[in-house]
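*Asks:* Sequence:
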Amino acid sequence: MADFIQSLDPSKLVLVGTGLSFITSAFVAPAYNLPIFLFGVYAQEATEAIQSLKAFTFLLAASMFYDVIWFFRNSPSWFIRLVLILLLILKIPTTFAYVTALQQRGAQFSGLGIRGNDLSGATGE
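In this text, residue positions in the sequence shown follow this note's numbering: the first is 138, and each later residue adds one.
Rather than coming from a laboratory, the hints here were simulated on the basis of the structure.
Computed from a prediction, not measured in an experiment: that's the story for all the values here.
Note that beta-carbon positions come from the ideal geometry of N, C-alpha and C, so glycine has one too.
Warning: the hint list may mix true and false statements.
Computed beta-carbon distance windows for the label pairs [claimed, not checked]:
no., residue 1, residue 2, range
1, E182, R210, 30 to 36 angstroms
2, S212, R242, 37 to 43 angstroms
3, L175, S144, 24 to 30 angstroms
4, S189, D146, 16 to 22 angstroms
5, G243, F208, 33 to 39 angstroms
6, Q188, L219, 33 to 39 angstroms
7, I229, S162, 17 to 23 angstroms
8, F202, V165, 17 to 23 angstroms
9, S189, W215, 34 to 40 angstroms
10, G156, Q188, 24 to 30 angstroms
11, S189, K149, 17 to 23 angstroms
12, A198, G243, 16 to 22 angstroms
13, F216, Q188, 34 to 40 angstroms
14, F216, L152, 17 to 23 angstroms
Subject to a maximum C-alpha distance of 35 angstroms in a straight line, what follows is the list of computed DSBU-like cross-link-like pairs (lysine-lysine) [as the list claims (entries may be wrong)]:
no., residue 1, residue 2
15, K228, K191
16, K149, K228
17, K191, K149
Construct the complete structure from the given sequences, taking the supplied hints into account.
*Replies:* Here you go:
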C-alpha cells in the first residue's frame with residue numbers, strides 16, 4: 138500500500154480534482170471543492186511552501202467529512218452525484234499522497250503527534 142501511495146503524482150491528482158470540481162461548480166454541488174483544489178494547485182507549485190501543503194492536506198481531509206454530510210442533505214442530478222462520488226474517492230489517495238510528500242520534505246505534524254515516519258507513538262522511554 139505504501140509503495141502505491143508513493144508512486145502517485147500529487148500534482149496530477151490535484152489537477153484532476155480541480156477539473157472535476159470545476160465541472161460540478163455550475164450545478165448543485167459543494168461550493169468549497171473548487172477553492173480547496175485551486176489552493177492545492179498553488180501550494181503544489183511553491184516548492185518551499187510546507188505550511189501551505191499542510192493546510193491543503195488538512196482542508197482536503199476535512200472536506201471528505203463535509204462531502205458525506207452534503208450528500209445526506211442534498212440531492213443533485215445523477216450525473217453530478219456520480220462526479221461528486223468520483224471526486225470524493227479521488228480525495229482519499231490525494232490526501233495520502235500529500236501526507237507522504239510532506240513527510241518526504243521533512244514536515245512534522247506536531248498537532249497530531251506524528252513526527253516524520255514515526256507513526257508508532259510514544260515508547261515510554
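*Asks:* Each hint should be assessed against the structure and marked as holding or not.
*Replies:* Going down the list of hints, with the structure as the test:
no., hint, verdict
1, E182 <-> R210: 30 to 36 angstroms, "34 angstroms, holds"
2, S212 <-> R242: 37 to 43 angstroms, "41 angstroms, holds"
3, L175 <-> S144: 24 to 30 angstroms, "25 angstroms, holds"
4, S189 <-> D146: 16 to 22 angstroms, "18 angstroms, holds"
5, G243 <-> F208: 33 to 39 angstroms, "37 angstroms, holds"
6, Q188 <-> L219: 33 to 39 angstroms, "35 angstroms, holds"
7, I229 <-> S162: 17 to 23 angstroms, "21 angstroms, holds"
8, F202 <-> V165: 17 to 23 angstroms, "19 angstroms, holds"
9, S189 <-> W215: 34 to 40 angstroms, "36 angstroms, holds"
10, G156 <-> Q188: 24 to 30 angstroms, "26 angstroms, holds"
11, S189 <-> K149: 17 to 23 angstroms, "19 angstroms, holds"
12, A198 <-> G243: 16 to 22 angstroms, "20 angstroms, holds"
13, F216 <-> Q188: 34 to 40 angstroms, "37 angstroms, holds"
14, F216 <-> L152: 17 to 23 angstroms, "21 angstroms, holds"
15, K228 <-> K191, "15 angstroms, holds"
16, K149 <-> K228, "12 angstroms, holds"
17, K191 <-> K149, "18 angstroms, holds"
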